[in-house]
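Asker: Got chain C sorted already, so can you dock chain R onto it with the hints?
Residues per chain, in single letters:
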Amino acid sequence: MKLTLNIWRQADSASPGKIHNYELDEVSEDMSFLEMLDVLNEELNAKGEEPIAFDSDCREGICGMCGLMINGEAHGPEVTTTCQLHMRSFKDGDSITVEPWRADAFPVVKDLVVDRGALDRIIAQGGYISVNTGAAPDAHATPVPKDKADRAFEAAACIGCGACVAACPNGSASLFLGAKITHLGELPQGQAERDSRVVNMVGQHDHEGFGGCTNIGECTAACPKEIPLDVISRLNWDLHAALRHGK
Amino acid sequence: MLMAVSGVLFIGFVLAHMYGNLKAFGGHDSFNEYAYHLRVIGEPLLPHEGFLWLFRIGLLAAIIVHVGCAVALWRRAGKARTVKYVVTKNKASSVSSRTMRWGGLTILVFIIWHLLNFTIVKVNPNTGDTGSAAGDPYNLLVDTFDVWWMTVIYLVALVALGMHLHHGIWSSAQTLGLTNNDRARRNAKAIGAILAIVVAGGFSLVPIFVLAGVITK
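Chains as they are written, first to last, in my numbering: chain C, 1 to 247; chain R, 1 to 217.
In isolation and in its complexed conformation, chain R is listed as follows:
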């Protein structure tokens, strides 16, 4: 259940994150204004970046819980069948459902790079600059996705994220006990598929449009 609840938090987060990314279509000032706004939200009730840090701590706690549950399930599955089948066949399961573990690991590795790229170190793969020299948020974004292989890395991660959501959303509904009949099950699976496409597609727009030269400095 902790797996499902922490996963649902991530769904909310990626949707909000995607909204922020799409601000890039509004141009340099619109995007940077949003990034600045995230830092001063709640002031003066909260200190500078106060909301942002609360959010980050919450996400960090959720990811620790989510990964912890995944490790526990993976180990249990390993112990539950130590002698493997000679022949195995998948009759009904989706590719997404069978790649939750390796796909999740892919996403985790990607998140580490993503944070190094845009938050912790701020690596500009175009100029090689780091830190504040890497440019303001919008310029760093455009420089990053102007490098074709960076865009490819991000798109691969988004495919992994989309697949993870495709199974994860329906699976969390099932774990929370919300799919007690045929129709509820079909709906949960449909919501999973739709949100997976919306999120992976929505995030993909910015890198693709930067590489195509539509979003420029």
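Isolated chain C, as found in the complex:
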């Protein structure tokens, strides 16, 4: 198939960017979106032009590295990551606009690559449990009720790709935050640091310049891992509890 691609080009974080138009022919519907960009880059290389920079790593939808805004949808029209989006989701003759995640907390590094270090800094404020290393404890040493284990697992599916921030009209990372708070807060191992975790992580989130949540729900629709909106309710509940406890 033949496509018109309108792609954001930006030399570095300091210089302004703009949309460039490219025509690409003989795109197979079996290509992934990233493979299609690889083909475009080969053409650009052959012509001596600068290839388009974009992030990717595992290309099997589990690492959270890739992420593009495709026609105004984070990761494009399917519920999956950009690397697992295939060109059969598009039609011959389509015009596709590709932009980087837009959030001031995610500065553009180059073209379609953004720096998501803000999410790492939020994790560093409490998105973990403190344990002494050593021999792994027996798997059945700490019983976890099935419903809590399921909910923690569902939230733990978050790969930190940043699609929720990209899709949020407020530029909030609340779905990401909620996923981490729910994941650790539902498990016995997460209880000791539950109050300080939510207070510190929310503090870092606001400090990074993410927006405030207004429960619009675009994040959960964009999430490639289908994290449900109720993790944000859990986040709010835990935050209020921590404030009641004087944290």
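Bear in mind the hints are in silico, worked out from the structure with no lab data behind them.
What follows is a list of derived Cβ distance ranges for each label pair: (1) C/T4 to R/A190: 38 to 46 Å; (2) R/K91 to C/K91: 17 to 25 Å; (3) R/L155 to C/D206: 38 to 46 Å.
Below are the DSS-like pairs computed for lysine-lysine, each with C-alpha atoms no more than 27 Å apart in a straight line: (4) C/K18 to R/K84; (5) R/K91 to C/K91; (6) C/K225 to R/K84; (7) C/K225 to R/K91; (8) C/K18 to R/K79; (9) R/K189 to C/K148.
Quick reminder that beta carbons are idealized off the backbone N, C-alpha and C, glycines included.
Answerer: Relative to the frame of chain C, chain R by itself:
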């Protein structure tokens, strides 16, 4: 959270306000009796209009908090994404959720007119009279909604209020941490939709029935 709590107070208020309005179907005396009752409630423990003023101060405080939170959120959202997308698409959000800010502003402007119309100045758009000459509460109500464009203004404001409640009720439940699973979320959204229709519909009855000539002086 302050946004959610102040919003929940408004839900209680509009329901009580709607109950009072529907007294108009009881006729001139029933409506005016209710209005008078609001002024003498709690006497002699409270001074004349004492309860009313406590209520007004409470509402004023709630509106300042609610608007203050809205301004803070709006500014944060503006700063969180200074470079806009070339193409945007709404996948899942309701129109109500995306119009909370402009819809809320519409309601605020309406509330100012509404208070001028019925409380502070008492403007009778039919006769042009103001103050006590505008008529007693019931007559002022009938005169106001006999003017078709006044009824239209009120109905537009009620649509804005209904939409604001549609998203606001579920959103406040979420902010208060009450929607921790699928079912609670669906229930909160359903309550939001039902209350939005009940409130906007209930308030609309009086202006429509006045304009239709069912409620008359």
